[in-house]
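One-letter residues, chain by chain:
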Amino acid sequence: MLIFTLRRLNLFIFTFIVLTALSFSLSFLFPGDALTNLTGQVNATLEQRALLIEEYQYNSNIFKQYWAYLTHLFNGELGVSISSHLPISSEVINLLPATIELSVVALFIAMVIGIPIGFIAAVNHEKTIDNSILFISMLGYSIPIFWLGLLAVFVFSIQLGWLPSAGRLSLVYEIKPVTGIQFFDILLSKSEYKWQAFQDATLHIIMPACVVALAPMTIFIRLARTAMMEVLDSSYITAAKAKGLTFWQIIYRHAVRNALINVIRHIGLQFANLVTLAMVTEVIFSWPGIGRWLIESISQGDYTAIHGGLLALSSFIFIVHILTDFIYAALNPLARERKHGA
Amino acid sequence: MKAKYMSLNTIKYLLITAFISLLTLGCSNENTTSLSTKSVIYCSEGSPESFNPQTVISGVTVDATSHQLYNRLITYSGDNNEVSPSLAKSWHITRDGKKITFYLRKDVEFHHTSYFTPSRKLNADDVIFSFNRVLNNEHEYHDISGGLYPFFQSIQFNSLVKNIEKINEYTVRFTLNRADSSFLANLATDFSVILSEEYAQHLSKLNSQQQIDRLPIGTGPFKYKEYRPGSFIRYLAHENYWQRKINIEQLIFDITPSNTGRLTKLLAKECDVVAYPIAHKKIIERPDLSLNAITSYNVGYLGFNTTKPPFNNKLVRKAISYAINKEAIIDAIYFGKAEIAHSIIPSTSWAYDPTIPKHEYSLSKAINTLNQAGYPNGFIMNIWAMPIQKAYNPDALTMAKLIKSDLMKIGITVNIFHNYEWSTFLKLIADGEHHAVLLGWAANHPDPDDFFTHLLSCSAATQGNRGTFWCNKQYDSLISQSLQTTNLNKRKKYYASALKIIEEEVPLVPIAHSKRFQGRSQNISGQLLKPFGGLNFEEVNKN
Amino acid sequence: MARENIYQEEEFPSPLKQLWYNFKEKPMIMLAFGAFIALIVLAVFAPIITPFSSSQSHLDSILLPPAWNNNGDVSFLLGTDKLGRDMLSMLMHGATFTFGLSFIIVIISAIIGVLIGSLSALTSGFKSSFLNHFLDVILSIPSLLLAIVIVAVLGTGLSNTVLAIIIVLIPQFIHVTRNEVKKEFTKDYVLASKLDGASSLRILRYSIFPNIIEKIITQSTLAQSAAILDIAALGFLGLGAPTYIPEWGAMLSNGIDLFYIAPWTVYFPGLAILFAVISTNLVGEGLRHALKQRKEH
Numbered sequence: 001m002l003i004f005t006l007r008r009l010n011l012f013i014f015t016f017i018v019l020t021a022l023s024f025s026l027s028f029l030f031p032g033d034a035l036t037n038l039t040g041q042v043n044a045t046l047e048q049r050a051l052l053i054e055e056y057q058y059n060s061n062i063f064k065q066y067w068a069y070l071t072h073l074f075n076g077e078l079g080v081s082i083s084s085h086l087p088i089s090s091e092v093i094n095l096l097p098a099t100i101e102l103s104v105v106a107l108f109i110a111m112v113i114g115i116p117i118g119f120i121a122a123v124n125h126e127k128t129i130d131n132s133i134l135f136i137s138m139l140g141y142s143i144p145i146f147w148l149g150l151l152a153v154f155v156f157s158i159q160l161g162w163l164p165s166a167g168r169l170s171l172v173y174e175i176k177p178v179t180g181i182q183f184f185d186i187l188l189s190k191s192e193y194k195w196q197a198f199q200d201a202t203l204h205i206i207m208p209a210c211v212v213a214l215a216p217m218t219i220f221i222r223l224a225r226t227a228m229m230e231v232l233d234s235s236y237i238t239a240a241k242a243k244g245l246t247f248w249q250i251i252y253r254h255a256v257r258n259a260l261i262n263v264i265r266h267i268g269l270q271f272a273n274l275v276t277l278a279m280v281t282e283v284i285f286s287w288p289g290i291g292r293w294l295i296e297s298i299s300q301g302d303y304t305a306i307h308g309g310l311l312a313l314s315s316f317i318f319i320v321h322i323l324t325d326f327i328y329a330a331l332n333p334l335a336r337e338r339k340h341g342a
Numbered sequence: 001m002k003a004k005y006m007s008l009n010t011i012k013y014l015l016i017t018a019f020i021s022l023l024t025l026g027c028s029n030e031n032t033t034s035l036s037t038k039s040v041i042y043c044s045e046g047s048p049e050s051f052n053p054q055t056v057i058s059g060v061t062v063d064a065t066s067h068q069l070y071n072r073l074i075t076y077s078g079d080n081n082e083v084s085p086s087l088a089k090s091w092h093i094t095r096d097g098k099k100i101t102f103y104l105r106k107d108v109e110f111h112h113t114s115y116f117t118p119s120r121k122l123n124a125d126d127v128i129f130s131f132n133r134v135l136n137n138e139h140e141y142h143d144i145s146g147g148l149y150p151f152f153q154s155i156q157f158n159s160l161v162k163n164i165e166k167i168n169e170y171t172v173r174f175t176l177n178r179a180d181s182s183f184l185a186n187l188a189t190d191f192s193v194i195l196s197e198e199y200a201q202h203l204s205k206l207n208s209q210q211q212i213d214r215l216p217i218g219t220g221p222f223k224y225k226e227y228r229p230g231s232f233i234r235y236l237a238h239e240n241y242w243q244r245k246i247n248i249e250q251l252i253f254d255i256t257p258s259n260t261g262r263l264t265k266l267l268a269k270e271c272d273v274v275a276y277p278i279a280h281k282k283i284i285e286r287p288d289l290s291l292n293a294i295t296s297y298n299v300g301y302l303g304f305n306t307t308k309p310p311f312n313n314k315l316v317r318k319a320i321s322y323a324i325n326k327e328a329i330i331d332a333i334y335f336g337k338a339e340i341a342h343s344i345i346p347s348t349s350w351a352y353d354p355t356i357p358k359h360e361y362s363l364s365k366a367i368n369t370l371n372q373a374g375y376p377n378g379f380i381m382n383i384w385a386m387p388i389q390k391a392y393n394p395d396a397l398t399m400a401k402l403i404k405s406d407l408m409k410i411g412i413t414v415n416i417f418h419n420y421e422w423s424t425f426l427k428l429i430a431d432g433e434h435h436a437v438l439l440g441w442a443a444n445h446p447d448p449d450d451f452f453t454h455l456l457s458c459s460a461a462t463q464g465n466r467g468t469f470w471c472n473k474q475y476d477s478l479i480s481q482s483l484q485t486t487n488l489n490k491r492k493k494y495y496a497s498a499l500k501i502i503e504e505e506v507p508l509v510p511i512a513h514s515k516r517f518q519g520r521s522q523n524i525s526g527q528l529l530k531p532f533g534g535l536n537f538e539e540v541n542k543n
Numbered sequence: 001m002a003r004e005n006i007y008q009e010e011e012f013p014s015p016l017k018q019l020w021y022n023f024k025e026k027p028m029i030m031l032a033f034g035a036f037i038a039l040i041v042l043a044v045f046a047p048i049i050t051p052f053s054s055s056q057s058h059l060d061s062i063l064l065p066p067a068w069n070n071n072g073d074v075s076f077l078l079g080t081d082k083l084g085r086d087m088l089s090m091l092m093h094g095a096t097f098t099f100g101l102s103f104i105i106v107i108i109s110a111i112i113g114v115l116i117g118s119l120s121a122l123t124s125g126f127k128s129s130f131l132n133h134f135l136d137v138i139l140s141i142p143s144l145l146l147a148i149v150i151v152a153v154l155g156t157g158l159s160n161t162v163l164a165i166i167i168v169l170i171p172q173f174i175h176v177t178r179n180e181v182k183k184e185f186t187k188d189y190v191l192a193s194k195l196d197g198a199s200s201l202r203i204l205r206y207s208i209f210p211n212i213i214e215k216i217i218t219q220s221t222l223a224q225s226a227a228i229l230d231i232a233a234l235g236f237l238g239l240g241a242p243t244y245i246p247e248w249g250a251m252l253s254n255g256i257d258l259f260y261i262a263p264w265t266v267y268f269p270g271l272a273i274l275f276a277v278i279s280t281n282l283v284g285e286g287l288r289h290a291l292k293q294r295k296e297h
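Residue numbers (the numbering used here), protein chains in the order written: chain A, 1 to 342; chain B, 1 to 543; chain C, 1 to 297.
These aren't lab readings, by the way, just hints derived from the structure by calculation.
Incorrect hints may appear among the rest.
Computed Cβ-Cβ distance ranges for the label pairs, DEER-style [said to hold, decoys possible]:
id: 1; chain 1: B; residue 1: S362; chain 2: C; residue 2: S159; range: 38 to 46 angstroms
id: 2; chain 1: A; residue 1: K64; chain 2: B; residue 2: S204; range: 44 to 52 angstroms
id: 3; chain 1: A; residue 1: F183; chain 2: C; residue 2: K183; range: 43 to 51 angstroms
id: 4; chain 1: C; residue 1: P51; chain 2: B; residue 2: L363; range: 44 to 52 angstroms
Listed below are the simulated DSBU-like cross-link pairs for lysine-lysine, each with C-alpha atoms no more than 35 angstroms apart in a straight line [as the list claims (entries may be wrong)]:
id: 5; chain 1: C; residue 1: K127; chain 2: C; residue 2: K215
id: 6; chain 1: C; residue 1: K82; chain 2: B; residue 2: K308
id: 7; chain 1: A; residue 1: K194; chain 2: B; residue 2: K358
id: 8; chain 1: B; residue 1: K281; chain 2: B; residue 2: K358
id: 9; chain 1: A; residue 1: K127; chain 2: C; residue 2: K215
id: 10; chain 1: A; residue 1: K176; chain 2: B; residue 2: K121
id: 11; chain 1: B; residue 1: K121; chain 2: B; residue 2: K530
id: 12; chain 1: A; residue 1: K194; chain 2: B; residue 2: K225
id: 13; chain 1: B; residue 1: K99; chain 2: B; residue 2: K542
id: 14; chain 1: C; residue 1: K194; chain 2: C; residue 2: K82
id: 15; chain 1: A; residue 1: K241; chain 2: C; residue 2: K295
id: 16; chain 1: A; residue 1: K176; chain 2: B; residue 2: K38
id: 17; chain 1: B; residue 1: K337; chain 2: C; residue 2: K82
id: 18; chain 1: B; residue 1: K492; chain 2: B; residue 2: K99
id: 19; chain 1: B; residue 1: K530; chain 2: C; residue 2: K82
id: 20; chain 1: B; residue 1: K473; chain 2: A; residue 2: K176
id: 21; chain 1: A; residue 1: K127; chain 2: C; residue 2: K17
id: 22; chain 1: A; residue 1: K127; chain 2: C; residue 2: K24
id: 23; chain 1: B; residue 1: K121; chain 2: B; residue 2: K337
id: 24; chain 1: B; residue 1: K281; chain 2: C; residue 2: K215
Where is the CB? At the ideal position from N, CA and C, for every residue including glycine.
Required output: the full structure, derived from the provided sequences and hints.
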């Protein structure tokens, strides 16, 4: 386990360097003055500018600049937004939890629904259920997510009136943001309308999370199906059958656990995909997350915000990726030996 | 192995039970009345620029703040929209029309908020502070938030008012430099709000004077609680409001710039009232929703930058006026719900003159006039289309495109400029960057002077917001003469002559007078829309 | 009447022919394949065969509903948008952008990716490990996000979108090629060629390449459906095609604001995207299935 951890740490540091180097170079790649792009101080006076040049080491070579950039990063300074003049770090702290909330709930839905369906498909391999599940999952994979979101709003909010069409919580409720995760904040708040707010928040998250979850769900169906089919083909299952275990006993006691392990290793990659889908969904449902903010910043040309948002988002994705790798390695001792990249 | 397996199972069960119990727990509390029955959510179309209407002219800001947070000395009421008492319970005007004395109410309380607690009720000091801030360039608060008071500048308030004096604790006297029959009307507009002088002193001590326009204190039916730019404004009811008891606890402005987004929220019952709905059929179809309409005193126009050639040539302007197909624009942009504007004044106003020649759509006339002007081969020009929606122009970009194709037919090529944020757009127009601009004007009060002065007077030209930079001495003298008398017939004659000048000089092409619409749930009652000025939620009630 | 088998030899169809026979088996897949070909034809010939020009505004027929509606007009079969442009023409022309461009993107990134991938498969040691790490980092960033980043740097617009998606898809091809080539390198027939004295490049070109090409084609169909969705998503977000180009995603985003008055401006582009992606995916599915069947037999 130790060697595995060290290797992972190595990868983490490497990726961190690559990510920060790329985002550092963004300030040069964006149009306009590089220092302004980095700090967001558009109307800096001459003295302020001199101060900034000193702080970010713009008079020295590129390595010193990079080092200064890293120091600022670790102090939590990401500059100021060009359009809203608010510090980027505070915007990120406000908005990132919303995206995390949406992504985690969507991941949960995708896994809880997708994996069992995949197993069912595998068990009924080559029969009609299998083929229809495959077909429907291909449909789900092909539908453009923004169109799906619009249709969902039209059907569920307007025609049926079951679910709200936008936002994270009805504006009538005032919940003080403590953790950033709405559900925890509601439970922690002292408002007398706590439970109504909780229900309201649940209603608000259902549609966006389902829309985000659809495409990853179909991938989980596929992954679970393949994993389960592989497991069912293996020799220990045949041995179990020979032992005389019933079908359901085999499935529950042996097949599911081992197939599940195989699926879990893909969560990291799928999560990255899911967060991207969440970005687009945030725009459609006006979900106050970092994805929507990032896209708005791109349209407005707010380079400091783009840079901060990208760094935050990719770090988040990457940390989750590493975490899931760890969890997978913890669950499956075999994975620890496996060479990286295979 | 077995122990691990068991713990995984138990974890699963625990999670499932926890989740289900969380969801169902909410169902047990049915006794508390829902917070939403005591709150009204209004879906608005934009974010306010400030919380003090003195400093702005945009309808979005006025709608959000003026009648909600503040009161005025006098206000409009009744079917004839007459000037009636508000913070001033009565007033007296001297015979020469130059001295006006207001007697204030004694029971008006300011807002109590988390950031300020007033120690006294409203008195003359507050009134004097509110107006001296605008009048006196040396005033401590004059330059806070930019020092611009566009409405007051356009009515030449500073040159009209000689001074304001405090007669006693509850009496204020205005002395004017000349008689002006629209003075009272202007004092009753959304912009002439009364601020708290005590709050101003409090902020001065803390050296944070800009907060006066950002964390507002007023006497109005609602007080400020929270604002997230681009997202929402939360107001709470003012418990000690002097005029009446407010029926609701919270008023929330849900800022939704997208048309479809606003209507969706109305249809999904996430908003109780909605601004500028466009799909009227959808609202009419639903029995639980209703559509309100009111004919507004407004005009959408194409203004020419009369300082830039070839637009300093009135024949060029006239030619373009003949070339624009206004019918098609009414159909496409206003979806038929507006009337063609032949002058800046709507036909419902008493100042409208039907005898003035109209510039009917005629390509042949347009080409002839353009030839006369000396541009037989046309030219290239730009049109700036306003980036936000207004009742007088819900889609300036498409209108610009329609005009572009109209002008193509007489040989003029048009480039359209559109992608600016609203305040940047206004600034560039004021700098005179454009050849022509699609703008408009919505009246603040029913007196026609509101149109004549604000759109085309010389002082409006120097201010720059109207886009024409047109200054005609004859026109100016006509409209100021009209202000000096209260005789309706005389005023009509003056305005008719002014309209004739506009028709001949064509500083702008009036395009349409629109109706203002609002969508709301059936259970919302109270008159919210007025033909002029901003929204007023004072009387709103949710059943 | 049965054909006379004059020659006694057994006929073994070539691998490609085998693939085709397996592919042909499922009617659904053939349908999708037909649709795929139809879309390619549409993408190429659209500017010629559309009933009206897709950019022509008919200002007297703004926001007409589709022809089957009472207020519709048969000459505008699928209705018009808010500037009076014919929906049908725009949809057909959109095939050129959303579908046609995706096709070209995939071809370009496949060529570049395979080249780099196969060359890098020949390296080993530190260079190889570094490339591995680097690729992993890039691959862990989802394609749409990466495309958005590149567009943020280069600026919005259709050509930048195309460039961005090409750049984004290349790592996928590198990864697949690398893995496949490395796998093939361990096989016996390659060893035989090596013993014969063939250089690595020669082995690559003549021995390995024909064996991995099918894997690459499968990857291409996956990449193409991703490319279509990415082009449309970027167009929808306003970061891709400008509004006067009838790209399906941009058309959809244009239609949203008037959704309640003219829902057809939203439904049809979405259906078009769905149709294109389904056809591509089905063709890909069919290929994968046929490949597997061919392997098993």
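*Starting from the hint list further up, note which numbers the structure goes against and sort them upward.*
4, 7, 13, 14, 20, 23 and 24
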